[in-house]
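**Student:** Each chain, letter by letter, is given below.
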Amino acid sequence: MKTFLWLIKREFWEHRGGFLRAPVITAAIFLVLNLMGIVTGEVMGRQMGFHLGMGSNNLHLLTRDLDQQSMEAVGAGLDLVMYSSTMIIGIVLGFVVFFYCLGALYDDRRDRSILFWKSLPVSDTATVLSKVVSATVVAPLIAVIVGALTGIVMLLMFAITLSLHGVSVWHLLGLSHPLQVIANLVGSIPLYVLWALPTVGWLMLCSAWARSKPFLWAVALPVGVGIVIGWFNLLGTLNISNDWYWRGVVARILGSVFPGGWFSEVSGIGGDNPAQVLSSLSVMHSYSAMGSMDLWIGVVAAIAMLAGAIWFRRWRDDS
Amino acid sequence: MSAVITASGLGKRYKSTVALDNVSFQVEPGRIVGLIGPNGAGKTTALKAILGLTDFTGELSVLGFDPRKQRDKLMGEVCFIADVAVLPRWIRVREVVDFVAHVHPRFDRTKCEAFLARTKLQPEQRVRQMSKGMIVQLHLALVMAIDAKLLILDEPTLGLDILYRKQFYQNLLEDYFDENKTIIVTTHQVEEVEHILTDLMFIRDGRIVLDADMDAVGERYIEVMVNADRAEAARALKPLDERQVFGKSIFLFDGVGRAQLEALGETRRPSISDLFVATMKGTYA
Numbered sequence: 262m263k264t265f266l267w268l269i270k271r272e273f274w275e276h277r278g279g280f281l282r283a284p285v286i287t288a289a290i291f292l293v294l295n296l297m298g299i300v301t302g303e304v305m306g307r308q309m310g311f312h313l314g315m316g317s318n319n320l321h322l323l324t325r326d327l328d329q330q331s332m333e334a335v336g337a338g339l340d341l342v343m344y345s346s347t348m349i350i351g352i353v354l355g356f357v358v359f360f361y362c363l364g365a366l367y368d369d370r371r372d373r374s375i376l377f378w379k380s381l382p383v384s385d386t387a388t389v390l391s392k393v394v395s396a397t398v399v400a401p402l403i404a405v406i407v408g409a410l411t412g413i414v415m416l417l418m419f420a421i422t423l424s425l426h427g428v429s430v431w432h433l434l435g436l437s438h439p440l441q442v443i444a445n446l447v448g449s450i451p452l453y454v455l456w457a458l459p460t461v462g463w464l465m466l467c468s469a470w471a472r473s474k475p476f477l478w479a480v481a482l483p484v485g486v487g488i489v490i491g492w493f494n495l496l497g498t499l500n501i502s503n504d505w506y507w508r509g510v511v512a513r514i515l516g517s518v519f520p521g522g523w524f525s526e527v528s529g530i531g532g533d534n535p536a537q538v539l540s541s542l543s544v545m546h547s548y549s550a551m552g553s554m555d556l557w558i559g560v561v562a563a564i565a566m567l568a569g570a571i572w573f574r575r576w577r578d579d580s
Numbered sequence: 002m003s004a005v006i007t008a009s010g011l012g013k014r015y016k017s018t019v020a021l022d023n024v025s026f027q028v029e030p031g032r033i034v035g036l037i038g039p040n041g042a043g044k045t046t047a048l049k050a051i052l053g054l055t056d057f058t059g060e061l062s063v064l065g066f067d068p069r070k071q072r073d074k075l076m077g078e079v080c081f082i083a084d085v086a087v088l089p090r091w092i093r094v095r096e097v098v099d100f101v102a103h104v105h106p107r108f109d110r111t112k113c114e115a116f117l118a119r120t121k122l123q124p125e126q127r128v129r130q131m132s133k134g135m136i137v138q139l140h141l142a143l144v145m146a147i148d149a150k151l152l153i154l155d156e157p158t159l160g161l162d163i164l165y166r167k168q169f170y171q172n173l174l175e176d177y178f179d180e181n182k183t184i185i186v187t188t189h190q191v192e193e194v195e196h197i198l199t200d201l202m203f204i205r206d207g208r209i210v211l212d213a214d215m216d217a218v219g220e221r222y223i224e225v226m227v228n229a230d231r232a233e234a235a236r237a238l239k240p241l242d243e244r245q246v247f248g249k250s251i252f253l254f255d256g257v258g259r260a261q262l263e264a265l266g267e268t269r270r271p272s273i274s275d276l277f278v279a280t281m282k283g284t285y286a
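First to last, the sequence lines map onto chains W and Z.
Residue 385 in the numbering used here sits at position 124 of the first sequence; the count goes up by one each step and never skips.
Residue 104 in the numbering used here sits at position 103 of the second sequence; the count goes up by one each step and never skips.
Do not rely on the hints blindly, as some may be mistaken.
With the C-beta cut set under 7 angstroms, the calculated list includes, among others, these residues of chain W facing chain Z [claimed, not checked]:
1) Trp267
2) Ser380
3) Pro382
4) Arg577
Taking lysine-lysine pairs in the DSS-like style, the calculated list, with each CA pair at most 25 angstroms apart, reads [as the list claims (entries may be wrong)]:
5) Z/Lys239 <-> Z/Lys182
6) Z/Lys133 <-> Z/Lys112
7) Z/Lys133 <-> W/Lys263
8) Z/Lys70 <-> Z/Lys112
9) Z/Lys133 <-> Z/Lys70
10) Z/Lys16 <-> W/Lys474
11) Z/Lys167 <-> Z/Lys121
12) Z/Lys150 <-> Z/Lys112
13) Z/Lys16 <-> Z/Lys112
14) Z/Lys121 <-> W/Lys263
15) Z/Lys182 <-> Z/Lys167
16) Z/Lys282 <-> Z/Lys249
17) W/Lys270 <-> Z/Lys182
18) Z/Lys150 <-> Z/Lys167
19) Z/Lys112 <-> Z/Lys74
20) W/Lys263 <-> Z/Lys112
21) Z/Lys182 <-> Z/Lys150
22) Z/Lys167 <-> W/Lys270
Since the hints were derived computationally from the structure, they do not count as laboratory data.
Note that CB positions come from ideal geometry on N, CA and C, so glycine has one too.
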């Protein structure tokens with residue numbers, strides 16, 4: 262167990278750039294862009310002689326007049342603001358995890374440092390599993406933490422701006438649910454693990470197997486098969502659905518590291534107002550994806566592919 | 002004590018070439034074995050088989066373990082340095098010491114830090130900022146702090162300058178080696194290991210062509226410096242090799258009686274490199 266923790270630490274040291282710096286930089290850019298937006302708004306507003314804090318369009322009055330339903334809508338809107346930063350970071354996370362997995366069992370074979378790692382009493386199973394955990398738990402956890410902090414900073418930024426105009430927005434902010442947002446984000450990590458596993462498994466299998474250019478193999482192989490299936494379909498000699506192959510196989514083994522894909526397995530998403538939409542996306546609701554057969558087929562396939570990756574890690578002899 | 006390594010009938014072939022051809026040997030504890038051979042003779046394949054890094058046919062037992070099935074356990078007792086610069090380039094001195102300290106049960110951190118204190122390495126320094134010589138210093142400091150029974154060195158000093166090379170073997174002998182440890186080393190810089198080896202193994206085309214301890218080598222192979230007038234008499238004894246130096250001929254004999262040779266001229270023990278060249282004649286032809 263202690264060894265395993267250190268293996269994960271090792272992954273973090275090596276990939277600090279992708280795991281930590283990438284989300285932090287994304288968050289910083291996101292905040293700067295928002296700040297620029299706010300400043301632009303201020304300057305433009307002043308030029309046009311529009312002052313928020315004066316006259317009858319006083320937001321303070323506005324907040325007082327909100328009825329129950331619109332208060333819910335405002336709260337949901339603020340929650341969405343908090344989610345928005347994590348969504349952007351989530352996309353970055355997808356790319357980071359994709360390329361991490363692709364290099365995880367290949368890069369050290371290329372630079373021969375595998376000979377050093379293999380000189381230590383660590384099993385290949387533990388090595389591969391530590392990389393799986395780094396990709397599916399450590400990286401998303403860091404992304405979620407950075408995303409949530411960014412969301413809170415965003416809220417504060419808006420609050421401070423508005424308070425400069427004499428509007429007490431603290432009451433408004435009280436309508437948001439930061440803890441619930443964080444709980445939802447953290448709570449979806451186990452779902453991310455299960456959902457991302459087929460992609461992680463496939464990429465690591467390619468990473469452990471390819472003698473060179475793992476990216477090409479990982480992408481060209483499934484796409485090539487898809488084209489062949491399409492061709493046979495055109496000839497009418499094969500009865501495999503193109504659509505099923507591209508969505509059920511290619512998308513799952515290449516694209517599932519992007520968070521949120523599991524919503525395709527959840528029914529009843531949407532609603533009449535922001536609050537309903539948000540609650541349909543909540544973690545409690547999204548866990549109904551666990552009831553889908555496709556998710557579990559993916560997990561089983563992933564376990565098989567990871568077993569293959571471990572086998573190649575043990576026996577591939579090209580360093 | 003039982004043998005550290007027992008190999009019988011080891012075989013390994015790559016697509017077009019035979020890397021190991023029915024090789025059998027034993028290594029006793031407390032020895033320093035030089036595994037010497039030309040490029041592509043199968044040295045690295047033999048070491049990889051011992052380390053469980055490659056599959057092979059035949060029987061092999063290393064410290065009582067089967068390297069194919071019990072690699073993880075085996076690596077708790079075996080260390081290896083596979084030529085220079087296999088340490089990951091991104092890692093820092095501090096990180097690699099931390100990591101090995103926590104995953105290797107036989108690692109002695111204070112020992113490692115004492116070795117490092119004798120070098121110019123800084124804790125925050127990354128491997129990619131080091132020269133080849135410094136990387137080997139770091140690797141050696143890690144390995145010497147591990148109380149392993151078997152140390153395998155595959156071209157450990159390749160590409161290092163003479164200062165680092167001398168220091169490497171000196172450290173190994175003074176601070177590491179004892180009668181409970183066994184070292185197997187492959188190298189092309191034969192002259193530098195000559196005086197530290199206790200055993201010698203020559204490998205050629207996947208076969209072991211010489212396997213003897215250094216005393217036996219000294220008795221079996223004799224070099225004689227012969228004046229020109231007696232050269233014919235020396236040639237009649239079928240020398241392994243003949244070369245000319247300052248008008249005299251130097252003959253290398255295998256298994257000819259010492260008394261008989263002393264009559265011809267001045268005898269001495271051949272250097273391993275001369276012996277190697279003579280044994281490997283025609284390898285690349």
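**Student:** Now, for every hint given, state plainly whether the structure supports it.
**Tutor:** Status of the hints after comparison with the structure:
1. Trp267: With a closest approach of 4 angstroms, the tryptophan 267 of chain W hint holds.
2. Ser380: 5 angstroms, holds
3. Pro382: 4 angstroms, holds
4. Arg577: 10 angstroms, violated
5. Z/Lys239 <-> Z/Lys182: Between lysine 239 of chain Z and lysine 182 of chain Z the Cα gap is close to 40 angstroms, so the pair fails against 25 angstroms, i.e. violated.
6. Z/Lys133 <-> Z/Lys112: 22 angstroms, holds
7. Z/Lys133 <-> W/Lys263: Violated: lysine 133 of chain Z and lysine 263 of chain W sit about 32 angstroms apart, past 25 angstroms.
8. Z/Lys70 <-> Z/Lys112: 31 angstroms, violated
9. Z/Lys133 <-> Z/Lys70: Given that 25 angstroms is the threshold and the Cα spacing comes to 34 angstroms, the pair is violated.
10. Z/Lys16 <-> W/Lys474: With Cα atoms ~22 angstroms apart, lysine 16 of chain Z and lysine 474 of chain W stay inside 25 angstroms; holds.
11. Z/Lys167 <-> Z/Lys121: 17 angstroms, holds
12. Z/Lys150 <-> Z/Lys112: This hinted pair holds, its Cα atoms lying about 17 angstroms apart.
13. Z/Lys16 <-> Z/Lys112: Status violated; Cα separation ~44 angstroms.
14. Z/Lys121 <-> W/Lys263: 31 angstroms, violated
15. Z/Lys182 <-> Z/Lys167: 21 angstroms, holds
16. Z/Lys282 <-> Z/Lys249: Holds: lysine 282 of chain Z and lysine 249 of chain Z sit about 22 angstroms apart, inside 25 angstroms.
17. W/Lys270 <-> Z/Lys182: 32 angstroms, violated
18. Z/Lys150 <-> Z/Lys167: 23 angstroms, holds
19. Z/Lys112 <-> Z/Lys74: 23 angstroms, holds
20. W/Lys263 <-> Z/Lys112: 22 angstroms, holds
21. Z/Lys182 <-> Z/Lys150: 5 angstroms, holds
22. Z/Lys167 <-> W/Lys270: 36 angstroms, violated
The structure is inconsistent with the numbered hints 4, 5, 7, 8, 9, 13, 14, 17, 22, although it conforms to all the rest.
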